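Chain order of the listed sequences is G and C.
All residue numbers for the first sequence refer to my numbering, where the first residue is 6 and numbers rise by one.
All residue numbers for the second sequence refer to my numbering, where the first residue is 265 and numbers rise by one.
Note that these hints are calculated values from the structure, not bench results.
Please read all numbers here as calculations on a predicted model, not as lab measurements.
For glycine and all other residues, C-beta sits at the position ideal for the given N, C-alpha and C.
Check before you lean on any hint, since a few could be wrong.
[Stated by the list, open to error] Just a few of them, taken from the derived set where beta-carbon distance is under 10 Å, the chain G residues facing chain C:
(1) A41
(2) R53
(3) I69
(4) G70
(5) I129
(6) V147
(7) R150
(8) H156
(9) C160
(10) S179
(11) K183
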Amino acid sequence: MHATRLTLVTATLISAVIFLGMTIDSLRQMRTRTHADQISQEVIAGKRLWQHYDCNDCHTILGIGGYYAPDVTKSYSIRGEAWLRQFLKDPARIYPAGRQMPNFHLEDSQVGALVVYLRWVSEIDTNGWPPDPQGMARQEPVGHRIFLAQHCNTCHAIGGTGGTLAPDLTHIGSQKDKDWILAQINNPRSHKLDSIMPSFAQLPETDKQGLADYLVSLK
Amino acid sequence: MADELDTDIYSVRLARFQLWILLTAGVTAIVGYLFHWSFGMPFLEQPIIIKLVIVIAALIFLYNIAMTMFTNHHTLTRTTATLMGGMVMLSVMFLFGIPFVPNLSTQYYWWWWVIHLWVEGAWELIAASLVAWSLIKLTGVSRKTVEGWVFAEVALVLLTGIIGTGHHYYWIGTPHYWLVWGAIFSAAEPIPIVMMLVDAVRDLLKARTLPIVNTLGLAWLGASAFVHFMGAGVWGFGQTLPQINRWTHGTQITASHGHFAFWGAYGMLAIALMYAILPEISGRKPNGKQALSFAAFMSLNFSMIFMVMALLIAGIVQVYLQRVMGMDFLEVQSHLRIWFEVRLVAGCLFTVGCGLLLWDLFRLAARQPAAAVAGEPVPVPAI
Numbered sequence: 006m007h008a009t010r011l012t013l014v015t016a017t018l019i020s021a022v023i024f025l026g027m028t029i030d031s032l033r034q035m036r037t038r039t040h041a042d043q044i045s046q047e048v049i050a051g052k053r054l055w056q057h058y059d060c061n062d063c064h065t066i067l068g069i070g071g072y073y074a075p076d077v078t079k080s081y082s083i084r085g086e087a088w089l090r091q092f093l094k095d096p097a098r099i100y101p102a103g104r105q106m107p108n109f110h111l112e113d114s115q116v117g118a119l120v121v122y123l124r125w126v127s128e129i130d131t132n133g134w135p136p137d138p139q140g141m142a143r144q145e146p147v148g149h150r151i152f153l154a155q156h157c158n159t160c161h162a163i164g165g166t167g168g169t170l171a172p173d174l175t176h177i178g179s180q181k182d183k184d185w186i187l188a189q190i191n192n193p194r195s196h197k198l199d200s201i202m203p204s205f206a207q208l209p210e211t212d213k214q215g216l217a218d219y220l221v222s223l224k
Numbered sequence: 265m266a267d268e269l270d271t272d273i274y275s276v277r278l279a280r281f282q283l284w285i286l287l288t289a290g291v292t293a294i295v296g297y298l299f300h301w302s303f304g305m306p307f308l309e310q311p312i313i314i315k316l317v318i319v320i321a322a323l324i325f326l327y328n329i330a331m332t333m334f335t336n337h338h339t340l341t342r343t344t345a346t347l348m349g350g351m352v353m354l355s356v357m358f359l360f361g362i363p364f365v366p367n368l369s370t371q372y373y374w375w376w377w378v379i380h381l382w383v384e385g386a387w388e389l390i391a392a393s394l395v396a397w398s399l400i401k402l403t404g405v406s407r408k409t410v411e412g413w414v415f416a417e418v419a420l421v422l423l424t425g426i427i428g429t430g431h432h433y434y435w436i437g438t439p440h441y442w443l444v445w446g447a448i449f450s451a452a453e454p455i456p457i458v459m460m461l462v463d464a465v466r467d468l469l470k471a472r473t474l475p476i477v478n479t480l481g482l483a484w485l486g487a488s489a490f491v492h493f494m495g496a497g498v499w500g501f502g503q504t505l506p507q508i509n510r511w512t513h514g515t516q517i518t519a520s521h522g523h524f525a526f527w528g529a530y531g532m533l534a535i536a537l538m539y540a541i542l543p544e545i546s547g548r549k550p551n552g553k554q555a556l557s558f559a560a561f562m563s564l565n566f567s568m569i570f571m572v573m574a575l576l577i578a579g580i581v582q583v584y585l586q587r588v589m590g591m592d593f594l595e596v597q598s599h600l601r602i603w604f605e606v607r608l609v610a611g612c613l614f615t616v617g618c619g620l621l622l623w624d625l626f627r628l629a630a631r632q633p634a635a636a637v638a639g640e641p642v643p644v645p646a647i
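With these hints in hand, go ahead and build the complete structure from the sequences.
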């Protein structure tokens with residue numbers, strides 16, 4: 006019994022020493038893996054805001070936190086800067102229905118710091134997490150992916166799935182042409198003055214074209 | 265500690281003082297959350313100033329029990345040594361969660377030294393010693409038998425658990441080698457948990473031949489050992505390998521595992537301890553009226569299992585739709601709604617169970633009226 010105990014205690018101590026060694030090496034490697042040289046005062050200000058507003062209570066970041074709202078690790082690379090700026094300024098404007106993020110009435114400088122922080126976070130080398138989806142998203146038309154990524158389905162339905170706040174788009178291709186759809190994406194009020202649909206003019210041109218091509222194909 | 269060493273606490277006044285500052289810090293922190301006064305890190309939301317007060321309380325506590333231990337070192341047992349080791353580790357690890365670190369990855373690196381090395385290190389040590397103490401106290405099985413494996417279990421907890429922290433270092437900006445080290449060591453983490461379960465079952469079986477002095481304490485203790493094994497061992501192992509964790513990390517599956525493991529390893533153990541201690545304090549017979557006690561036991565455990573299962577199913581659906589198929593987070597949430605509703609109903613039942621438990625505990629804690637114990641010597645509280 007005494008020998009067993011001694012073996013286990015020694016093994017535990019050795020594992021603790023290995024762990025400390027790996028910690029020293031990890032912290033060294035993490036400087037490059039996280040681009041620590043790019044942690045500017047603005048990135049730090051963004052992190053302080055992230056903690057001040059307790060964003061981690063609902064959102065996960067690096068997969069850790071509340072599971073109530075989307076993971077933000079890659080939101081900069083998925084959504085892009087313009088989208089994030091608009092969203093942080095007024096979440097309801099971009100995403101009018103469903104589970105909504107509260108409006109924190111952030112100053113422009115605060116929005117800027119958070120966006121810079123999220124850009125820095127999106128560049129952390131996470132060993133390939135989150136994984137690329139394997140399923141339908143891959144085979145789908147690009148436009149449908151943009152349709153989902155921009156939450157269009159919150160208000161619009163296609164083929165029976167989606168929201169009911171806005172017109173059903175199942176046969177939109179037989180009702181409107183591509184130019185009309187592009188104009189609607191860029192400025193919803195060009196067709197209807199009191200439209201509550203937010204403008205998606207900030208999307209990259211290729212995304213807008215892809216989205217319009219997809220919608221016009223829905224006959 | 266005092267009961268194990270068969271002595272009194274070094275300073276009761278200090279213990280009371282510590283209780284009050286800890287209580288004040290705790291209540292202030294929770295009320296503060298309502299007003300968004302937060303440090304902003306999950307589980308460690310307490311603002312730095314409150315964390316420092318908690319450190320002071322911990323130092324007072326450590327000083328008090330260390331003095332209790334050192335002045336009675338001739339009666340030092342394996343149980344007390346393990347308890348002390350766990351509490352020192354607990355206090356030291358907390359320090360790593362206090363500072364603001366500009367680099368998010370590094371912040372989370374240290375954050376896991378608190379969260380993981382508490383849950384799968386320090387708390388396991390404390391739990392192992394508390395289980396040993398209660399088994400000796402409640403079953404009448406000899407100390408030699410109960411304590412036989414304690415050091416081996418503790419050593420295995422630390423051996424697997426320390427490097428096992430690596431299963432949290434897969435995806436947070438940490439080097440790739442953690443995928444190998446974290447996987448191997450955390451996959452071995454269930455071994456000491458299985459030993460603890462076997463230990464408890466053996467002692468409980470032995471106790472069947474002895475007169476049972478406290479059925480409820482034993483019921484909670486046995487259930488704790490089993491659910492600890494299921495929630496931490498099986499549910500934890502289920503997603504600890506990086507090939508699986510890559511898909512499940514940050515989903516409702518983690519929530520399911522968290523509910524199950526905490527309830528088994530710590531929630532039920534704490535309740536078992538209350539049932540072990542209260543009769544001694546109040547002087548009531550522990551095996552009195554038990555209908556209410558068992559109603560609480562059954563409702564809490566049933567509703568917990570429903571919550572765990574609802575979250576597990578929600579998690580599997582979420583992994584499939586969101587991670588595999590690439591559906592958007594919020595769209596997936598709408599598909600999980602029914603399981604959140606099951607979770608809510610079970611949660612309400614759990615709240616009812618908590619009410620029953622509190623009612624039962626207060627009933628047990630109420631001192632026996634003097635008339636009822638006439639002729640019997642009133643037991644002196646040992647704790």
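Evaluation of the provided hints:
no.	hint	verdict
1	A41	6 Å, holds
2	R53	8 Å, holds
3	I69	6 Å, holds
4	G70	5 Å, holds
5	I129	4 Å, holds
6	V147	13 Å, violated
7	R150	8 Å, holds
8	H156	7 Å, holds
9	C160	13 Å, violated
10	S179	26 Å, violated
11	K183	25 Å, violated
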